[in-house]
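Q: One letter stands for each residue in the lines below.
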Amino acid sequence: MISVSAKFEQLRSHGKAALIPFITAGDPDLATTTEALKILDRSGADLIELGVPYSDPLADGPVIQAAATRALAKGVTLDQVLDLVKNVAPELRSPIILFCYYNPILNLGIENFLQKIYNAGARGLVVPDLPLEESHVLLEPAAKIGIEVILLVAPTTPEARFEAIASQSQGFVYLVSSTGVTGVRSQVSKKVQSIIERLRTVTDKPIAVGFGISQPDQAKQVIEWNADGAIVGSAMVRLLAEEGGLKAIEELCVNLKRAIASVI
Amino acid sequence: MTITPLAPTPKIKPDILGSRPDRLGRFGKFGGKYVPETLMSALSDLETEAKYYQQDPTFLKELDGYLTDYVGRPSPLYLAERLTAHYGTAQIYLKREDLNHTGAHKINNALAQALLAVRMGKKRIIAETGAGQHGVATATVCARFGLECVIYMGVHDMERQSLNVFRMKLMGAEVRPVASGTGTLKDATSEAIRDWVTNVETTHYILGSVAGPHPYPMLVRDFHAVIGRETRQQCLDKWQGLPDILIACVGGGSNAMGLFHEFVDEPAVRLIGVEAAGQGVDTDKHAATLTQGRVGVLHGAMSYLLQDQDGQVQEAHSISAGLDYPGVGPEHSYLKDLGRAEYYSVTDQEALDAFQRLSQLEGIIPALETAHAIAYLETLMPQLNPNQKIVLNCSGRGDKDVQTVISAIDL
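Line by line, the protein sequences are chains W and L.
In terms of our numbering, the first sequence has 24 at position 42, counting the first letter as 1, and numbering is strictly consecutive.
In terms of our numbering, the second sequence has 854 at position 392, counting the first letter as 1, and numbering is strictly consecutive.
Hints were generated in silico from the structure; no laboratory data involved.
There is no bait here: all hints are sound.
Ranges between beta-carbon positions, derived for each pair:
(1) L:Ala870 <-> W:Glu141: 50 to 60 angstroms
(2) L:Asp746 <-> W:Asp65: 18 to 28 angstroms
(3) L:Gly534 <-> W:Glu115: 33 to 43 angstroms
(4) W:Asp61 <-> L:Gly703: 55 to 65 angstroms
(5) L:Glu524 <-> W:Gly57: 53 to 63 angstroms
(6) W:Asp61 <-> L:Gly550: 52 to 62 angstroms
(7) L:Asp799 <-> W:Pro140: 26 to 36 angstroms
(8) L:Arg756 <-> W:Pro72: 30 to 40 angstroms
We put the beta carbon where it would ideally sit given N, CA and C, even for glycine.
Using the sequences plus the hints, can you model the full thing?
A: Here it is in structure tokens:
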């Protein structure tokens, strides 16, 4: 399994930007998650973010909260999610990035958790409630084990923090496009463009934009603003939970990829 | 009930406690800031502003004026003679926070944070509430200072605390029902944090307990520390000495921390926190975080936490909506691990018995939360002698709980 940063290098060398879909593991069920990962992988995804369901997802809006609640109600556990990743990862071209809140990580023990997800085949990790100041306990062991921990920059992040976050972030810098939780929004704030410009002055690392991107033209917009990737979550999760979900996410994924690829 | 050691010896010298919290917002390993990046800048702004105004004589004078004339402080330290006679051992004093405006200690913090919000130029206030006491206190100060007010409350709590829901609405607050999760305080807190993440530039979040990310555990404690400061003075006035034991209920732990803080560095004073054992700590329906939980992270802080083997946060249960919380303030976790404070738990039934006992012996109907502290006297009092003096924080009045209690007891 290729690393997150190697994947971005590969894309860069071909002058391409990344499409990063997100789905919640175990919603509507684990078998569908497995199928969805394969479909996304062959429909244009370059990396895939997989959400580990958590009881108190305070960075998530209603769509992903509900997906996590449904998955937990069905008894989905971290072990099951990792078994799933282990089975499907060898068939995928896209590196898997786990999106997991901090408490389940702490509960398992940081090194144990990192080793487990590495063994399962995950290569990246986003911990939405672990800001820079608290992230050191994770960054050092992760680097040894081979998991890239991706840190986030928000519209409210003071510029003085950009450099520190970007220098510690591994794989890419995750730019939160709107002040708020995850969810579908009608447009992407212009502020994203200026943050990308500012970030470029302090880092060479790839920048991917997420939180609020649902439509192909929004994905296209952030790539036009010079982002290296677009992350689409709630829109995927919502479609997948409905009937005909697999077909619907395939279509969305293809359209997103086409929109991103149209940017020259 | 858990057995209390007869002669507790403080395991630590006070100077070991050092500054609480440290520069990074930690009480030992507890506390910290486990929040989305979006909130980091608001938290450091809040820390800077709070630090400034807590040393600003004009701010302190204004706060003091409202505490006196609007809240009705100082609250009395009352010798509960018939309750004392009932046990026939140590003297029991009640710190009457129930006599504050709005009927609980919560107003101390809500008022101070509202004054802070006004100075920070934030005109929109959000808060979470469990029993509704913090929601009512926040709605009250928002009415007083003309601030927009949104209160998040679990649907389950809105049912059992409908009187407080009405009070909040009456004072112009919007009460937003939270149906996710268990529909209790934990979920209301998550929803308030989500609102804050979204509206952080215009909104101040008046967190109601000594929980949450730094600087809240410190800020809320400092704004409630008036309880302990008054208690020290009142003890000096009444018997020229210190109390032997302080006792308070602990959900998130704000009234307990408010009473304890002044005395943490007095090793001669025993500190006792009482949690909700719900239907029993051997069942899965309790809220005894410190006595039954494991270290984890919830709502921005590392602390003891009720969680399952996968690290999913467990549902708490207590007859008292204000104690129905699977987390606890990080400073309590610290005091517990140091052995500086002791924590025990009492069941719903024991709290209901104490609720009636105080009503009948003293003519004081306590909040169900407070009734937990009173219930622990059953275990504690037989171990004490008549020369000792206890201060129990009577953190709130029980009018709001009458509906709940009607269905639980026969009179």
